[in-house]
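Asker: Chain residues, written in single-letter form:
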Amino acid sequence: MSTLTSPALVSAAATSSWRRWLRLLGPFFGLLLVIGIFTVISDNPGRFLSPGNLRIVLAQTVIIALGAIGMTIIIVSGGIDLAPGSVIALAGVVCALALRANWPPFLALLAGMAVGAAVGLINGLAITLLRVVPFIATLGMLGIARGLAKWISNEQTVDIPDTWINRLAIAFPTPKWLLVAPGVWIAAVVAVFAALVLRRTVFGRHVFALGSNEVAARACGIHTGRLKLWIYSIGGLLFGLAGVMQMSRLRQGDPTVAIGVELDIIAAVVIGGGSLSGGEGSILGSMIGALIMAFLRNGCQLMGWPNYIQEITIGGIIVLAVAADRLRMSGNKE
Amino acid sequence: MSSSAAQALEPPLLEVIGVAKHFGATRALDGVDLEVRPGHVHAIIGENGAGKSTLLNILSGAVRPDRGSIRLKGLPYHLSDPLEALRRGIAYIHQEISLCPHLSVAENILLGAEPRRGLWVDHQKMNEVAAEILEPFHHANIVPDRSVSDLRLPERQIVEICRALARRPSLILMDEPTSSLQRADVEKLFSSIRHLRDSGIGIIYISHFLEEIREVADEFAVLRDGKKVLNGRLQDVSDAALIAAMVGRPLQDFFPPRARVSSNETVLRVESLSSGTALRNASFNLRKGEVLGISGLIGSGQTELLRAVFGLNPANGGTVEVFGKRLAPGGGPKTRITAGIGWLSEDRSGEGLALALSVADNISLTNFRAVSRGGWIDLEKQKKQAKQCTDAVRVKASSMTVPVQSLSGGNQQRVALARLLHQGCRIFLLDEPTRGVDVGSKKHIYELIASLVRSGNSVLIVSSYLPELFGVCDRLAVMSRGYLSPTRPIEEWTPEMVLQAAIGTDSQGTSSCTTLGSHREHSN
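Protein sequences appear in the order of chains A and B.
Per the numbering used here, residue 1 is the first one in the first sequence, and the count goes up by one each step.
Per the numbering used here, residue 1 is the first one in the second sequence, and the count goes up by one each step.
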């Protein structure tokens with residue numbers, strides 16, 4: 001194999017682009033498979049595939065999707081964040097308190113996002129300055145943020161006045177031409193922007209470099225510490241936005257909401273092709289991963305399956321999805 | 001060089017004065033002086049553990065010296081991190097490749113210095129700039145927008161070198177940049193080094209190949225045990241004097257006398273072994289008390305042959321018979337170890353050793369049974385046995401409990417060999433046992449091989465270094481594109497025949513191979 005122009009190399013290049021496509025399309029197939037299975041086993045396939053149900057699924061996806069955008073950036077950089085569930089609760093409570101204090105809705109929304117970003121920044125500082133591994137730093141934050149949410153809300157739900165924020169998550173929005181919940185549009189815009197940033201900006205390429213080989217990234221003059229602060233802060237910002245969506249859906253700030261949601265978010269990223277060892281992942285994949293999770297949940301509900309069956313099914317599918325991905329990768333390696 | 005008198009007056013680019021560094025009880029550097037002038041290639045020569053890497057690490061800011069001072073372009077130079085070194089114009093090309101496999105070639109070359117248009121990466125410009133830097137290497141496979149994970153090792157090395165060049169440094173540190181390159185690539189590298197030198201850049205060049213150093217360097221310094229023992233201009237010194245300075249004594253018989261134990265007993269019989277596309281239908285016999293060598297161009301399937309015999313790569317055809325017993329086709333390394341086969345990986349840090357574990361743990365890794373009872377390890381016994389095995393191959397380590405990664409490259413390799421002794425195997429599969437190893441360690445490894453076969457063991461050795469195969473082997477076979485030639489006694493081979501066999505009879509695509517074929521002759 002020492003010759004430079006052997007056909008093996010040409011086919012290697014072909015394999016590599018083929019592999020890229022497969023990696024990109026894999027989650028699509030997964031999504032179609034999930035939808036297909038529920039359509040087949042459902043007594044009422046029309047209901048599962050009805051535009052009304054699709055709108056509900058999309059509205060339900062918003063929180064996981066926004067979280068998965070932030071988580072994709074973090075996971076591509078080789079990190080992990082276990083705090084999103086708590087941050088969603090904290091940001092929701094903060095936003096609700098701001099609304100109750102008669103802040104303009106837009107400022108209240110920004111307050112929720114800012115709290116999320118601040119939490120992310122603290123995570124980043126713990127990781128870079130205190131040199132705590134991300135898993136532990138954010139595990140600590142999982143408890144701290146949850147505790148803060150309960151503290152500032154006096155362990156009670158915070159009711160909010162009626163503003164446009166309450167209508168962000170409505171599956172059947174009032175100006176009919178919106179078609180889907182305003183939150184879905186927001187998530188879509190954020191996703192497109194984040195995908196462009198990851199693919200096309202210097203920041204995005206540095207995130208990939210960091211996750212691919214941190215030593216090399218640092219040796220090339222990238223301020224890996226500063227980069228991590230940005231990554232976790234941006235992640236937190238998006239978890240904060242997800243928290244506002246959560247509050248909008250419940251129409252109250254609830255400090256006990258979204259327990260365990262971080263695992264759904266991580267699952268969405270991993271199903272979408274993200275690698276927990278860093279360097280791999282895409283926003284598009286993560287969005288499809290989030291949709292897979294939402295369709296699974298919705299399908300299980302429409303089937304009238306008890307909650308525990310849903311949990312077992314979703315858990316199993318996460319492992320199978322990643323196993324299929326690994327199988328595909330090793331198959332290509334030979 | 002008419003301006004050499006003027007150049008001598010020119011202030012040095014880099015001045016190192018009395019730099020010293022301790023690691024625990026080891027004196028890695030003991031007051032070293034060095035002067036590098038712009039437009040010169042300065043070679044640093046020395047055995048593994050002589051302090052070359054420590055010196056480079058100090059210059060690149062990764063390690064802080066205990067005492068001594070460094071001046072760069074006449075200014076004091078205190079470094080605490082690699083970023084500062086980059087900013088001051090020092091680029092370090094590591095021996096081990098450190099790229100981001102998920103990024104493209106161009107993204108790796110311009111990592112941290114991406115051309116941008118506002119916030120966005122200017123991909124077109126990036127590919128253009130990368131192509132320009134890659135141009136002197138004329139490598140068809142290294143396309144700017146190709147993913148680095150698709151490249152082979154030597155190609156990655158070139159990307160790594162181009163990444164350093166992209167910074168337009170004033171001083172380049174090169175730590176054995178050719179260790180994974182083939183001859184054609186080495187020549188391309190050298191022509192670009194000369195090009196860099198002529199443009200006024202200073203280069204510090206570390207290599208084990210004296211011939212290479214003569215080809216590319218102007219000045220040299222020999223380090224031994226952390227001290228500079230000889231320096232000057234290369235044209236004024238003989239190879240013998242360099243080697244004598246490196247090892248501290250004249251090196252006479254480099255290869256130990258062949259101790260042919262005449263025996264016709266076959267200990268390992270491999271019949272039509274195939275594995276993937278890399279290995280097709282290999283057959284050979286290994287006899288008791290002999291050294292069988294496998295030669296070939298890098299990547300012709302030699303490594304895959306050893307891995308398939310050892311059960312690490314799946315075989316899709318053929319049989320392996322050890323001491324007359326046929327091994328089950330699906331059996332992994334466990335069955336091979338039980339049968340008495342030991343394997344030395346070509347990739348010492350990647351799969352040969354558990355770098356973070358202690359010397360003792362690494363030694364007993366394949367044979368914990370010898371040092372444990374009922375699952376509990378007898379730590380004293382483990383240390384004692386490790387000491388015996390490491391002493392047999394002369395490992396320099398302050399204790400058996402230090403992590404292997406604290407040892408120098410040559411000592412790590414000896415630990416890997418000592419493990420095979422502890423394992424108690426009778427058949428040794430050695431893949432590039434002297435790769436990245438200094439002259440003195442090489443000699444020890446050759447002596448070890450000779451003593452192994454004298455006591456009735458058998459050695460199968462894969463090497464891309466032809467003189468060593470001619471020095472130690474009793475019989476030789478050559479691999480070419482996955483096919484193994486018939487085995488013949490070493491006296492029936494000449495280097496030319498080996499190269500012919502390695503290049504293969506098919507005449508297509510060999511134009512690059514004929515230059516690749518000129519294996520680096522050892523200067524001894």
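Because the hints were derived from the structure by calculation, they are not lab data.
Treat the hints loosely; a few may be bogus.
Selected chain A positions facing chain B (in silico; Cβ < 8 Å) [unchecked claim]:
1) Trp177
2) Arg205
3) Gly260
Chain B residues, not near chain A, derived (Cβ > 10 Å throughout) [claimed, not checked]:
4) His22
5) Phe23
6) Asp30
7) Lys73
8) Leu99
9) Arg163
10) His195
11) Phe209
12) Val237
13) Gly374
14) Arg488
FRET-style restraints, in silico, Cβ to Cβ [stated by the list, open to error]:
15) Leu22(A) x Glu271(B): 54 to 60 Å
16) Arg326(B) x Ile259(A): 56 to 62 Å
17) Glu211(B) x Val133(A): 45 to 51 Å
18) Gly140(A) x Ser399(B): 33 to 39 Å
19) Gly316(A) x Glu351(B): 30 to 36 Å
From the three backbone atoms N, C-alpha and C, an ideal C-beta is built for every residue, glycine too.
Asker: All hints are to be evaluated individually against the structure, with a verdict given for each.
Answerer: Here's how the hints hold up against the structure:
no. : hint                              : in the structure
1   : Trp177                            : violated, 32 Å
2   : Arg205                            : holds, 6 Å
3   : Gly260                            : violated, 30 Å
4   : His22                             : holds, 25 Å
5   : Phe23                             : holds, 20 Å
6   : Asp30                             : holds, 28 Å
7   : Lys73                             : holds, 20 Å
8   : Leu99                             : violated, 6 Å
9   : Arg163                            : violated, 7 Å
10  : His195                            : holds, 22 Å
11  : Phe209                            : holds, 19 Å
12  : Val237                            : holds, 34 Å
13  : Gly374                            : holds, 35 Å
14  : Arg488                            : holds, 23 Å
15  : Leu22(A) x Glu271(B): 54 to 60 Å  : violated, 38 Å
16  : Arg326(B) x Ile259(A): 56 to 62 Å : holds, 59 Å
17  : Glu211(B) x Val133(A): 45 to 51 Å : holds, 47 Å
18  : Gly140(A) x Ser399(B): 33 to 39 Å : holds, 37 Å
19  : Gly316(A) x Glu351(B): 30 to 36 Å : holds, 34 Å
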